[in-house]
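Protein chains in written order, with my numbering: chain F, 44 to 457; chain S, 60 to 353.
Just so you know, the hints here were simulated from the structure itself, not pulled from any lab data.
If you're wondering where the values come from, they're calculated on a predicted model, not measured in any experiment.
In this text, a Cβ means the ideal position worked out from N, Cα and C, and glycines have one as well.
The reader is advised that the hints may include incorrect statements.
Residues of chain S clear of chain F, computed beta-carbon distances all greater than 10 angstroms [as the list claims (entries may be wrong)]: (1) V126; (2) G132; (3) F162; (4) M186; (5) L215; (6) L224; (7) M300; (8) G350.
Only pairs whose alpha carbons sit at most 30 angstroms apart, straight line, appear in this in silico BS3-like list of lysine-lysine [said to hold, decoys possible]: (9) S:K196 - F:K455; (10) S:K114 - F:K433; (11) S:K114 - F:K452; (12) S:K196 - F:K247.
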Amino acid sequence: MKRSLLFTLSLITTLMLATTVFAEEARNFFKVGVVIELSGDLATGGNVTKRGYDLWAQEVNAKGGIDIKGKKYQVKLFYADAQSNPSSGASAAERLITQEHVDFILGPYSSGVTMAVAPVVEKYKIPMITGSAESPLIWTNKFVYTFGTVPPVNFSGATPINTLASLNPAPKTAVILGSNDTFSKATAEAFKAAAEHAKIKVLKFNIVPAGQDLTPLLSAVRGLKPDLIAFGGHDEELIKMVKSLRQIDYTPKALLMHYGVTEPAFVNALGKDANQVFGASVWTANAKTSSKILWPNAASYAAASMKAFNTPADYTQAGSSAAGIAFQVALQKIGATPGMSEAQRTSLVKALEQVDIDTFYGKVKFATSGQYYHANVGMTPLTVQIQDGKTVIVGPANIKDAAPQYPMKAWKGR
Amino acid sequence: MELLPQALMDGILLGGIYITIAIAFSLTYGVMHIIDFAVGEWIMFGAFAGFYLNKWTGLDPFLLLPVVFVIFGLIGCLIQPVIHRVLSGSKGNPLLMGLVFTFGLGLMFQGLAMTVFGFYSNSTPSMFSEGSFFFEKFGFSLTISTVRLAGLIYALAITMALHYLLKKTNFGLGVRALALNKDSAGLMGVNGKRTGALVYGLYVGVTAMTGVLIGCILSVSAGMGPQYTIFAFFVVVLAGMGYLAGVPWAALLLGMVQSIFLIYFDPGHTLLAVFAILYTILLISPKGLFGRGV
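So here's chain F without its partners, still in its complex pose:
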């Protein structure tokens, strides 16, 4: 009896294993792992990033899949929630790699989680492109298997400060604050370096606890009467910051933030108080781009996003779709089919290093050396401003759509 039970169990196990192996070999689609923040503090950015990846997958599959030597392979996304927590992100990536056997990974929204996932993909030699993370620290670590389509903040953050410094009369003093997370700290540091370089005196520079009510600190800032307040933070923190400034009734000449200003939620939540806030971006729906891959230009991508999600696309979503395109082009170049070997994945990294393409998002070209190693350096950073509830490019001067509105109109007069 016992022997027959043992035999049955072994048979079932063998059959299950055989089925798995068979399923792996017979796979005619690319398994794409997606590690993102679907819950927790950073769920907004995580879900925007997801939209970018989803839209790429939908568009590729609608066209029959990725064309590899005349045969089309569909892509299927396998999600794992990083819960806005770096260690959960690392575990999620490990699970996708060891249990789901994904071919490659589309990376997290936040820099903190990306920094935790990068060593895992390095260990298993699985290529990853993050369509969002912007901290320079990711790239100075020189991870071979990690790439990013959004340029680091020290590459893009100087542009809005330079735009402001070119105004007449230019802001002379600044207070720069950053929330205590990898991206926001790097943003604040980039703003500070650029301000000092542009001869704007930095009166106060503080890294503040993430998510907290900063009203008392802003009361102290008001005492310094800075011309410019620059803040590195995430969506909800930016909304709280504007509301706090409104509540203590201090209007600086310019208020500069980074990611989050271009999110539709910023304008929806703040209404007229969102107007004239400056931000940094690398892409808007009006960006003048042209491409032969998937979407011909920025406007057609923006329209596709509206159709799919009924929400305007921002640069994080666009950068995430562009991450998919970069993989697609590199896979076509090496002619890799689903279920890639380690050697093929290493070739994929080499192919990604050679990517130099024009997409709806702009040029995607990853640096292969230096401080921006594997970050996209093909883009032109933009200064944006919310004008009448819309995101408008106001710098650099040669590509602006409208003149910057400066100084800011007082809160009470709006």
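Let chain F serve as the given structure and place chain S on it in line with the hints.
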């Protein structure tokens, strides 16, 4: 030095927000011995209720407070029997079961909110949110935001109302009797189940109203709950677990520490300062600021 009046005022106003977060939380622990880890989620649901009711009716969120109180009070009364069942079980440790149960409830609520309300942050507009009072004399200046002042007044009103309810009414007498000894109170004619349901309803209703207020002062999002759970817990522990009269003082102390630290010291270490003070006070007086906690 010229910032001192502002630092103190900001501390008081911040303390006002903390009072509203913690007062009902303390009540429900004092009476029912429930440490409700879903407190932040009730705040979040209240904030969304305020946001949507304002959107649909166009009425100011402050006018909608009674509506939110009634809706969430009813929800609380309906949920309490389930929590009561978990807490009064004969197996395991009921207090621990209650903790795990409300923690799970909180997680479920977060997931539900993310699915229903989406992941974007919102803000509830109010007639108070745009104004502020400004004073300037003898080189000192002071700004008081109208919406935060309204929040402080609300916090004090709720504290006084709860105090009155507990100390001056028959219902309050029953509640206090239940808190002291459930069996004896039952023998004296206090209906434990009904009173428990009403207290939990009161707690959920008041906490949801706090959510409406936070939506006006700060922001509204599906993930906003956990940070308020932590602050509610801080205040209640500092006040002494279940000691209602200690809550306003503990909340004001917490607000003041945060404000002074943000203005005069390194803002990056504000939470460290808050923790350090909490630990020091608990080391000296384990039953909270006034030594009156459970």
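Now for the hints, and whether the structure bears them out:
{"no.": "1", "hint": "V126", "in the structure": "holds, 22 angstroms"}
{"no.": "2", "hint": "G132", "in the structure": "holds, 27 angstroms"}
{"no.": "3", "hint": "F162", "in the structure": "holds, 15 angstroms"}
{"no.": "4", "hint": "M186", "in the structure": "holds, 14 angstroms"}
{"no.": "5", "hint": "L215", "in the structure": "holds, 19 angstroms"}
{"no.": "6", "hint": "L224", "in the structure": "holds, 29 angstroms"}
{"no.": "7", "hint": "M300", "in the structure": "holds, 25 angstroms"}
{"no.": "8", "hint": "G350", "in the structure": "holds, 29 angstroms"}
{"no.": "9", "hint": "S:K196 - F:K455", "in the structure": "holds, 22 angstroms"}
{"no.": "10", "hint": "S:K114 - F:K433", "in the structure": "holds, 22 angstroms"}
{"no.": "11", "hint": "S:K114 - F:K452", "in the structure": "holds, 27 angstroms"}
{"no.": "12", "hint": "S:K196 - F:K247", "in the structure": "holds, 26 angstroms"}
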